[in-house]
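Counted the way my numbering counts, the sequence shown spans residues 1 to 155.
There's no promise every hint is true.
[Stated by the list, open to error] Calculated pairs, SDA-like style, for lysine to any residue (alpha carbon to alpha carbon, straight line, at most 25 Å): (1) K123 x G143; (2) K123 x H137; (3) K123 x D93; (4) K123 x S112; (5) K123 x N102; (6) K123 x A65; (7) K123 x R133; (8) K123 x S99; (9) K123 x R135; (10) K123 x A134; (11) K123 x N103; (12) K123 x E107; (13) K123 x L141; (14) K123 x R96; (15) K123 x I68; (16) K123 x L142; (17) K123 x R73; (18) K123 x S106; (19) K123 x T109; (20) K123 x V139; (21) K123 x E108; (22) K123 x G94; (23) K123 x L110; (24) K123 x D113; (25) K123 x F53; (26) K123 x V98; (27) K123 x I140.
Hints listed in this document are in silico derivations from the structure and should not be mistaken for laboratory results.
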Amino acid sequence: MTQWEGMACRAFQFFILTILVIGVIGCGESDQSTGAETSTEGVDEPFEWTVVFVIPNDNDLSPLASTIESEIRAGVVGPRAAAVLLVDDESNDGLRRVSITNNGVSEETLDSDDATDVEVFAKTLRWASTTHRARRHAVILLGHGGQADEIILDE
Numbered sequence: 001m002t003q004w005e006g007m008a009c010r011a012f013q014f015f016i017l018t019i020l021v022i023g024v025i026g027c028g029e030s031d032q033s034t035g036a037e038t039s040t041e042g043v044d045e046p047f048e049w050t051v052v053f054v055i056p057n058d059n060d061l062s063p064l065a066s067t068i069e070s071e072i073r074a075g076v077v078g079p080r081a082a083a084v085l086l087v088d089d090e091s092n093d094g095l096r097r098v099s100i101t102n103n104g105v106s107e108e109t110l111d112s113d114d115a116t117d118v119e120v121f122a123k124t125l126r127w128a129s130t131t132h133r134a135r136r137h138a139v140i141l142l143g144h145g146g147q148a149d150e151i152i153l154d155e
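With the sequences and hints as input, model every part of the structure.
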């Protein structure tokens, strides 16, 4: 198995796990009589889960970037879950902060291009917790890892 095949296999396993986790927690409640999904739009109810993904893709993981994002987007299927992605891709335009709910996707570009900056990380977590109030939160660091004093490796 080549290095790329091994990475692709690990990435695929991660995608499946992500879809299962977000899909299960993101399933909408159904109206028993019609089977229609009920909406919480306009209601100030917190999400059950907000999951923050930190994704530094400006390295050899960049070929998998669009697949990672599309799989996460596909996993947010109901009103009970939200996902926030902090994405560093090969462009030098800055980090992208992507917000995904069952009501849609929004995206903005941040001034920083360093996904491992502690201040950027802290601001993203604060933004996610205030913008997408939730009963439970999870943070997933998707990358190569770094030294003992690094969150993740960002090239």
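- request: Determine which of the earlier numbered hints do not hold for this structure and return their numbers in increasing order.
  value: none
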